[in-house]
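Work the whole structure out from these sequences, hints included.
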Amino acid sequence: MLGAVGLVIGSAFAAALAFGATALIVPGTGTHNILPPNAVVGYKENAADRYINVSGQPCTSTDGCNLVGVDYPASFFPLAIIPGWCPGLKCDTWDKSVGTGVTNLDTALTDTLENTSDPIVIFGYSQGGAVVSREMYNIAEEDKDRVSVVTIGNINNPLGAWSRLSFLPHIPFLNISFGPQLPTDIGIKSTNYSFEYDPVGDAPQYWGNPLALLNALVALEYVHGYYLDPTSNAPTDSLPYGYDDGTLATAITNAPKRTYNDATFVLIPQQGALPLYLPVLDIGKQLGISGLVKPLVALLNPVTKLLVNLGYDRITNPGIARTLSILPFNPLTFNPVDFSVKFVAAIAQGIQDALAGGASLTPATTPVTTLAARGAAPQTVDAIETKTVAPVALNSSTSGTDLPQASGEKGSTDQDADAKAKAEADKADAKAAAEAKAAEEKAAADAKAAADKEASDKEATEKAAAEAKAKADKEKAAEEKAAADKLKDAKEAADKEQDAAAKAAADKAKEAADNAKAAGAAGDGPTKVTGTDTGTTAAPAKDAGAGDTEKQAA
Numbered sequence: 188m189l190g191a192v193g194l195v196i197g198s199a200f201a202a203a204l205a206f207g208a209t210a211l212i213v214p215g216t217g218t219h220n221i222l223p224p225n226a227v228v229g230y231k232e233n234a235a236d237r238y239i240n241v242s243g244q245p246c247t248s249t250d251g252c253n254l255v256g257v258d259y260p261a262s263f264f265p266l267a268i269i270p271g272w273c274p275g276l277k278c279d280t281w282d283k284s285v286g287t288g289v290t291n292l293d294t295a296l297t298d299t300l301e302n303t304s305d306p307i308v309i310f311g312y313s314q315g316g317a318v319v320s321r322e323m324y325n326i327a328e329e330d331k332d333r334v335s336v337v338t339i340g341n342i343n344n345p346l347g348a349w350s351r352l353s354f355l356p357h358i359p360f361l362n363i364s365f366g367p368q369l370p371t372d373i374g375i376k377s378t379n380y381s382f383e384y385d386p387v388g389d390a391p392q393y394w395g396n397p398l399a400l401l402n403a404l405v406a407l408e409y410v411h412g413y414y415l416d417p418t419s420n421a422p423t424d425s426l427p428y429g430y431d432d433g434t435l436a437t438a439i440t441n442a443p444k445r446t447y448n449d450a451t452f453v454l455i456p457q458q459g460a461l462p463l464y465l466p467v468l469d470i471g472k473q474l475g476i477s478g479l480v481k482p483l484v485a486l487l488n489p490v491t492k493l494l495v496n497l498g499y500d501r502i503t504n505p506g507i508a509r510t511l512s513i514l515p516f517n518p519l520t521f522n523p524v525d526f527s528v529k530f531v532a533a534i535a536q537g538i539q540d541a542l543a544g545g546a547s548l549t550p551a552t553t554p555v556t557t558l559a560a561r562g563a564a565p566q567t568v569d570a571i572e573t574k575t576v577a578p579v580a581l582n583s584s585t586s587g588t589d590l591p592q593a594s595g596e597k598g599s600t601d602q603d604a605d606a607k608a609k610a611e612a613d614k615a616d617a618k619a620a621a622e623a624k625a626a627e628e629k630a631a632a633d634a635k636a637a638a639d640k641e642a643s644d645k646e647a648t649e650k651a652a653a654e655a656k657a658k659a660d661k662e663k664a665a666e667e668k669a670a671a672d673k674l675k676d677a678k679e680a681a682d683k684e685q686d687a688a689a690k691a692a693a694d695k696a697k698e699a700a701d702n703a704k705a706a707g708a709a710g711d712g713p714t715k716v717t718g719t720d721t722g723t724t725a726a727p728a729k730d731a732g733a734g735d736t737e738k739q740a741a
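Residue numbers (my numbering): 188 to 741.
Source of the hints: derived by calculation from the structure; they are not laboratory data. The reader is advised that the hints may include incorrect statements.
[What the hints assert, rightly or not] Dumping the calculated DSSO-like pairs for lysine-lysine here, alpha-carbon to alpha-carbon at most 27 Å:
no., residue 1, residue 2
1, Lys624, Lys444
2, Lys668, Lys683
3, Lys624, Lys635
4, Lys640, Lys650
5, Lys650, Lys663
6, Lys704, Lys678
7, Lys690, Lys673
8, Lys668, Lys656
9, Lys635, Lys658
10, Lys645, Lys624
11, Lys376, Lys331
12, Lys668, Lys678
13, Lys704, Lys690
14, Lys663, Lys673
15, Lys683, Lys673
16, Lys645, Lys635
[What the hints assert, rightly or not] Using C-beta positions, here's what the derived DEER-type ranges look like:
no., residue 1, residue 2, range
17, Lys618, Leu276, 51 to 61 Å
18, Ile538, Glu622, 21 to 31 Å
19, Phe530, Leu483, 11 to 21 Å
No residue lacks a Cβ here, since even glycine has one placed at the ideal position from N, Cα and C.
Take a look at the structure:
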């Protein structure tokens, strides 16, 4: 381990003395010879020429860019069945391997930052992409402007295999963690390439789609391990889907560059036969019956591609991580009428391709069960015959087929027909994408309108309740006031009656007193006072008038 770290530091220091940018190359699972003296030939060079240079950072194998390998276990216990991944079951687990890779990459990056002021590119492939994704979180704020990232087949892509499984916890026995995913918002620019249907970097979202899953599993064998081929570890292998350096560069240039914050995602389109049919073509070739197999595959390929694509979401931004779904497709964007039209068109295209003898199918890539760059001893790279294949634009949902035509195998009439059919298919795809987008926008608008209506109804209900309460409170206050006023009036009336009664009584008493006084004043004599033991008693005097009257009467 100390020797490996020393080689990393030495390589980084030597690179710092040279002119131009420095690229730190972190290999994928199974590549154990990234450092001298037996360093794999072609691996770092193809990484720079095919992917780093076109990402916007000038760096090729011939322009003075310093290509520095970063060694680490690059193993995956217990997958000993795959050559180079865990020889003899004596290898590190996923987390331990990735952790060692992060340590070694951090050492190399720190040394390079200290010894040069040139731009630095960190490159990761497959498991190396997981190493790079984790190291990005460790880069100091002041160094982020000097560092950029390029990944290929990154398992920690937001749409990669580990992101689809990120709902799972850490698995102790296997020592596997499914995160963290590639960061997109920490101030470090990254460009991330994946071949279409490679399940490591472009995993299906809808795992209830059996064709999408099966196609992805086959692509793990036929696609994922060939991003950097040929190399001295695999001199007879070539790029996936019949690409060569020229057609790959064209495909990358023409592919949509979808961005999310600091990250750019490039999906390299599948062309020719789907991965699902590559083993079938190989068997036909081995048995000498390609003349029968190729037309059959050409017949089924367009319809199969249409069904496989239901397992993917090409509308949502690829920078947004989404876990797997058990559904076979997205029910919110599926348009049965549009799908039926495309299905019929795919059948027609398949019949046309089959009648042409399967000429639209590119040669299948020779399978090697390594899945990532092979760890075999370096070999001399022999000249490899390549076949130029016209690049095909990626369609989110294919109505026909995007299989390229081999040069010279069809006449100009067939080429015109194919071009017309492709143009119609592209037009239909564009229309479908527009309809899907419109449907998505309509669904969002309907949801917003429903939410607004619900809020409005709630507000109206609350307002009506408030008004009813206010009215009830007002009525209650009026009733209480009326009762209080009535009570007050009754009290005032009672007080008045009491005052009137008291006054009447007083008046009556006064009248009685006055009468008594008047009666006393009208008597016929003065009051006679007789003495008694207890006091005196006044006797009224005899009325003189009355005596005269009595006398006259006698």
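The hints, checked one at a time:
1. Lys624 - Lys444: Satisfied, since the Cα-Cα distance of roughly 18 Å is no more than 27 Å.
2. Lys668 - Lys683: holds, 22 Å
3. Lys624 - Lys635: holds, 16 Å
4. Lys640 - Lys650: holds, 15 Å
5. Lys650 - Lys663: Holds, at roughly 20 Å.
6. Lys704 - Lys678: Since the Cα atoms of lysine 704 and lysine 678 sit roughly 38 Å apart, the hinted pair is violated (cutoff 27 Å).
7. Lys690 - Lys673: Within the cut-off at roughly 25 Å; holds.
8. Lys668 - Lys656: Holds. Lysine 668 to lysine 656 sits at ~18 Å (cutoff 27 Å).
9. Lys635 - Lys658: Given pair lysine 635, lysine 658 is violated - Cα atoms ~34 Å apart, limit 27 Å.
10. Lys645 - Lys624: Violated: lysine 645 and lysine 624 sit about 31 Å apart, past 27 Å.
11. Lys376 - Lys331: holds, 9 Å
12. Lys668 - Lys678: holds, 15 Å
13. Lys704 - Lys690: Answer holds: lysine 704 to lysine 690 is near 21 Å, not above 27 Å.
14. Lys663 - Lys673: holds, 15 Å
15. Lys683 - Lys673: It holds: about 15 Å lies between the C-alpha atoms, which stays within 27 Å.
16. Lys645 - Lys635: holds, 15 Å
17. Lys618 - Leu276: 51 to 61 Å: Holds: the Cβ-Cβ distance is about 54 Å, inside 51 to 61 Å.
18. Ile538 - Glu622: 21 to 31 Å: holds, 26 Å
19. Phe530 - Leu483: 11 to 21 Å: This hint holds: roughly 19 Å between Cβ atoms.
Checked against the numbered hints above, the structure breaks hints 6, 9 and 10 and satisfies the rest.
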